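S.K.: Combine the two chains into a complex, taking the hints into account.
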Amino acid sequence: MAISNSLSNSSDQPIKSPELSLGGWARWIWKQLTSMRTALLLLLMLAVAAVPGSVFPQRSADPNGVALYFDKNPALAKALDAVQLFDVYTSVWFSAIYILLFVSLIGCVVPRTAVHAKALQSPPVPTPKLLSRMPAHLKVSANNAVTDDLLIGAKALLKKQGYRVALNENSVSAERGYLRETGNLVFHLSLIGVLIAVGVGGGLSFSGQRVIVEGETFVNNLAGFDSFSPGTFFTEEMLVPFSVSLDKFEVDFDISNPTNIGTPLDFRAYVSSRTQVDGESKSAVIRVNEPLELPGANLYLTGNGYAPQITIRDKAGNITYSGAIPFLPQSSDYTSLGVIKVPDAEKQFGIIAFFYPTVDELTTGALTSIYPAPYDPLLTMNVYVGDLGLDDGLPKNVYALDTAEMTQVAGGKSGVKGLRLTVGQTVDLPDGLGTATFDGLKRFASLDVSYNPGGLWVLIFALLSLAGVTTSLMVPRRRVWVRKVDGGFEVAALARGDDLSLDKVVAEIAASLNSDPSPAKVTPSESNG
Amino acid sequence: MNQIALNEGLSQISLFFIYGAMAVYTLAFLGFASHLARLSSEKAAKSGSASKLERVGISLMILAVILHGTGVMLRGIAASRVPWANMYEFSITGSLVVVMIFLFALIIKDLRLLATFVSGFTLLILGAATSIFYVEVKSLMPALQSYWLVIHVMVAVLATAFFNIAAALSITYLFKTAKWVETSKVKFVGTLRRILALFPSIEKLERMAYRFNIIGFILWSFTLIAGAIWAERAWHRYWGWDTKEVWTFIIWTIYAGYLHANATRGWSGKRSAWLSLVGFLAILFNFTIVNLYFKGLHVYSGL
Ligand code: HEM
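Keeping their order, the protein sequence lines are chains A and B. Residue numbers for the first sequence follow the numbering used here, beginning at 1 and rising by one. Residue numbers for the second sequence follow the numbering used here, beginning at 530 and rising by one.
Bound-form chain B, shown alone (with noise of 0.2 Å):
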């Protein structure tokens, strides 16, 4: 008779972990947000204390990850088993490697300009896993017992913390080239039109988020293909349309259809990064709503 061993206790400490990250995040979060409020703020000489802040924006980033990153290994081990099985831990695991690709990002490119995103957005998921998505450790059930556990979900969660950046640059292009920031007289536009001064060219923006988005496109590929590969070993079929498979095929044509608009004339710029958005709320709909209210066979948000 097969037995595992679940550490309880073990994913209570992991769980404090998560907190103290989550603690760290916040004054990271808040570290460059006043940071972006210093640049943009009228008086120039705030701005020499400004990039202070950002370096220990940063330096407190590498701390959280540090405390996230014990959180998700802790938890693999509580559970005997990869830390992505239901939603509270693709929650955590899915963030930690967002932050991971954008600090690593921050070596090759200066996209410290987006930290206030990153962190702020980590800082969401993280409290909805615990707040909401949190279950105790579980085995998994026979279907998820499988090393295409592994593979599909691991590359799943490349592909959509790729595919979250380009959203990020992509609202970024968007406010930027938006005519009511251009022209609003309200002082909140002003600050945010100051703010937005200080990203990159919207040229830049846009390659930029076209570059984050074919890498995730890449993954997202992969993902599908796995996913029918593991479908046909434990469903008997590599593709049915069950909800999750349909939602993974939208997704897929959406990008396919961003990667279009991008050669198509009229298409490229706001109406491509349009389409980025839309891509990545797809992925942020798949993950909430398809979960926890659609039926099909992918039952595993553990709640």
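Chain A on its own, in the form it takes in the complex (with noise of 0.2 Å):
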């Protein structure tokens, strides 16, 4: 809309070419920096820049994602990485873009406020020489009677009308919609603190991932964690102390509606917390759209699964290992997978486990889970005997097992059968490794603590900068002005932005004036606008 540029207080002129002194060179760039098209190019470039991250899986948000990457095809992967395509919005590149255009927004709106602040002190500009040349204008004959008192009555009409009105000589000159300014400058300044707000809250903020069996407790420590993502600024002091126990976990499926059944339709984790040593513990549920809040970190509820009660003895009836296993849910239906590894036996061997709710065998053969509720729950395990790679000290992924180094004993084409077990059920495990009991079956929860103390603010800002665009964008700002002629009166105005109704204010105006109002003598002249 090229009105608006005769409004725009942004400087939007070609630019001349520089002298060839270093400040010239330094003004010519920060002038093409903060010039429209430059912010307009930036925000196209920041548009593009995103693209990526949303076709190669990121680090920060699908870090397995990732890894299989690099396992499916580890040269292209490589050389992806080396340009950050899996750190897009951390990468140079991304942050050279967006780091420009708030140098801009900010090289940009500054003067601007300065200007906006003094235009707000200082009354309407004067009237223009020519007003037929603004977009909307109007010549109206009137008698004497009218014009006498022409200016006392359009300074009194626009000023009940919402305008900042000037009496000059033989005119009026009036403006209204600063609000629109005001408006546009909230915007872009509250933009400024959105990003302040991310970083800093960014920087002090912290992540950790638990997963929590019925009957365990929860310390919130970095030794209570799974895996823990702390912001630049973070401290372990910023860990409040307190502890939550997963009481029980409940789950419904759906078992009613037909084109439904398994489909999950509630889970809820009913925990204890207790925030001071001896304290009181109270009770709550944590659902997923419903976190706990607790004193310096929120709970999530961010996934759940079974985890089965298994024991393992030796020959001799010597438990070697005991416990409750979470294992990993691998479908709709809960099919899932654990790994258990037992070290301190007299030969080490692991297991690898599949867990299966509601047990159903297809017609090759093979196990699958029908419903997502242990109806029929069973157990099958594969044994490999081998060294476990455990004492070597480096950690280890819980939930996997590395067999490339191990043989297998019992399942697959080792000659064993795969083991099966139901509730309660002891198999003998194969080479005389001695017995496994399945002796019940609990459910676990993965937990997210979570806490950036910048979401408040980021979300103060982004309303300011909502308020202000919404108030930008509908407040009609224009400029009014009415000036007495030889045998009657001009009305013009120039809108900032779109004005649809500018013809219409200019005629309204116009006929309020003339108390002698006859159509005939109203003589529109040729508008430009």
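Derived from the structure by calculation, the hints contain no laboratory data. There's no promise every hint is true.
Calculated cross-link-like contacts (lysine-lysine; reagent style DSS-like; alpha-carbon spacing at most 27 Å) [said to hold, decoys possible]:
#1 B:LYS773 with A:LYS78
#2 B:LYS733 with A:LYS139
#3 A:LYS504 with B:LYS733
#4 B:LYS714 with B:LYS799
#5 B:LYS799 with A:LYS31
#6 A:LYS282 with A:LYS442
#7 B:LYS773 with B:LYS581
#8 A:LYS341 with A:LYS282
#9 B:LYS581 with B:LYS638
#10 A:LYS72 with B:LYS773
#11 B:LYS638 with A:LYS504
#12 A:LYS78 with B:LYS824
#13 A:LYS78 with A:LYS31
#14 A:LYS72 with B:LYS705
Note that the coordinates shown come from a computational prediction; the quantities given were computed from them, not determined experimentally.
M.R.: As structure tokens, this is what we get:
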């Protein structure tokens, strides 16, 4: 909209070629950087630069996806990683674009704020010489009775309509809609607020994950987490001491609607929390959209599954392993995969186990689960003998068993059938390894413990900018002039941005000022707006 | 133990209403299209019957929107929740909102010439919804059980509808200003030229597109903020560059660029119209390709 430029405060003029002095260059570059065209190009570049982050897995959101990409396509992954395509939103190039954009934003908005502050305190601009050049213009012939009080009347009328008015020698100039520019500035300045709040808040934040089985207790210190990602400014003192026990975990699956059988309807983690060592424990329920708010962190429910209780005994009947092991669900029917490592037996061995909540045998002999709740639970085990690799002190994934250096002694091609256990059942392990007992079934919950003090501020600035942009786009800003001329008067108006009703505004003002309105006398000038 | 009741039979009846609406939209579309054809025909005599065709078309469209609305409502009742939890439901509800906004806008502004586009587009969306996206009524997965589903998605649908109408105006603008349309001697383009001549002036088209886009932009900004609040509740962080979040951001940034373009010398007019179109293409991409093929937390297509 070409109209807007004449009222725009931003410098948008063609830029003169620079003098070759250093200061000249600096000024030229600064002017380029803070021009509307640069802002536009940077915005579009930012949009384009964000795209690859949705195409390639990102370390921040999907670290497993990245690992998988490296497994499948090592050479390509390495090349992609070199240009930070797995860390798009913290990459040098993405950061460069948004930092430049915000420098441009500051360079553009700060001077405009000063100009606007001054405009708020000064009277409307004097009436231009050629009103007929304005996008909306009317010339009205009127008798002396009208023109004598014209300016007083115009001033009163425009004031009533919310204009700021200045009475000049033979004209009135008026302006309204200062809120438009105010809204625009609030919007842009709040974006800076959002960016700062995101940055500082992110630095002070932390988030940790913990898988917790029914009956277990989580204590909020670094040792209590399975994984932990701190912000840059995080210190361990920021972890407020509290503990949370998972008393019971409940899931409701749909069992009544034929098309919806087995779909989870609700997950509930019943917990008791304690914020002081000897304090009373408080019970609460954590659900997917209802985190538990504790001092210094919120607890979110992010996953769940089954944790079969298993006891392993050696030939002599001594317990070599006992516990409830979280099994990772592999599909929506909760067929789950778990790993048991028995390092303290005579011969080290490991077990890869599958759990079927409601088991069914396919015609091929393969097992499957037909319903996610444990109506007919079955556990199957494949057993591997050999070095578990736990002695070299390197951290090992508890959900995976590296069988490359091990010998399979049950299941698969070992010649011995995989073991099958129902709840309460005990079976002999092959190779004289002893026995395994499926004692019972528990559930586990994956909890996320997160703290981000920036969130509230981000929200406040985001809402401020929303209010700003709404005001800016909805409030019309226009200038109106009324001038006495020989045999009548002129009315003209100019709008900033898009204003469909400009002609109507001018016509209405002209009509109410002319107490003798006869349409024949109103002659619109040729409009150029 | 919580259980729910889904009404299979009712959802079938809902589907019949949607099919019925599609049939009537088809008739309306044919009416509008032949109306345009007659208006643009060289024989002036025909234009008398043309406006009658248009009136019939509008009446058909109102009938279709009633069927369409009933279908959407029944779907909601059948699932005992808001009818926008998967792609099928989002499509039928979203297209309903587009038609409703269009019909309301008709009261204020004379946009009747866009009716061909709106009815055609709605037909296309409903076709895709019933043939590609259709799923039986399902319960909400726990992550979607939140009043934010009502607010966030409803506003997103509204924003999309405004962007959609703006995109239609921008397309018309681009055709009207295209050199090849002006100069080509091909017969078909000649007809197109005459049809385009019936539309408002390019200045008016540009301004109307701008109007619809600013409302869309405000609503989209709200969608983005509401989504962040919801993500904080459901996924423990307000922003995590999940694929859907990425695309919400991209779309927002494109439209911010569009708004800037309108105030930048050399960028208003054609270039800004292109941006308005690119923005809407990003929305379509986000809704189709990203939903179906990109990996992320927002897995709600139900397919
Ligand atoms: C993070 C980057 C930016 C975003 C997201 C953004 C967004 C927007 C939006 C949505 C509008 C239209 C709403 C309104 O008028 O209030 C707007 C207008 C405006 N922006 Fe920005 N902007 C950004 C950076 C900049 C920069 C760097 C400049 C200066 C070069 C700038 C100058 C302006 C001006 C002058 C207007 C008013 C245009 C008019 O008169 O219609 N913006 N901006």
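S.K.: Now tell me, hint by hint, if it's right for this structure.
M.R.: Evaluation of the provided hints:
1. B:LYS773 with A:LYS78: OK: B:LYS773 and A:LYS78 at ~26 Å, within 27 Å.
2. B:LYS733 with A:LYS139: holds (25 Å)
3. A:LYS504 with B:LYS733: Between A:LYS504 and B:LYS733 the Cα gap is close to 16 Å, so the pair holds against 27 Å.
4. B:LYS714 with B:LYS799: Measuring from Cα to Cα gives roughly 23 Å; hence the hint holds.
5. B:LYS799 with A:LYS31: holds (26 Å)
6. A:LYS282 with A:LYS442: holds (22 Å)
7. B:LYS773 with B:LYS581: Since the Cα atoms of B:LYS773 and B:LYS581 sit roughly 45 Å apart, the hinted pair is violated (cutoff 27 Å).
8. A:LYS341 with A:LYS282: Not satisfied, since the Cα-Cα distance of roughly 36 Å exceeds 27 Å.
9. B:LYS581 with B:LYS638: holds (19 Å)
10. A:LYS72 with B:LYS773: holds (25 Å)
11. B:LYS638 with A:LYS504: holds (16 Å)
12. A:LYS78 with B:LYS824: holds (21 Å)
13. A:LYS78 with A:LYS31: violated (40 Å)
14. A:LYS72 with B:LYS705: violated (50 Å)
The structure does not agree with the numbered hints 7, 8, 13 and 14 stated previously, though it agrees with the rest.
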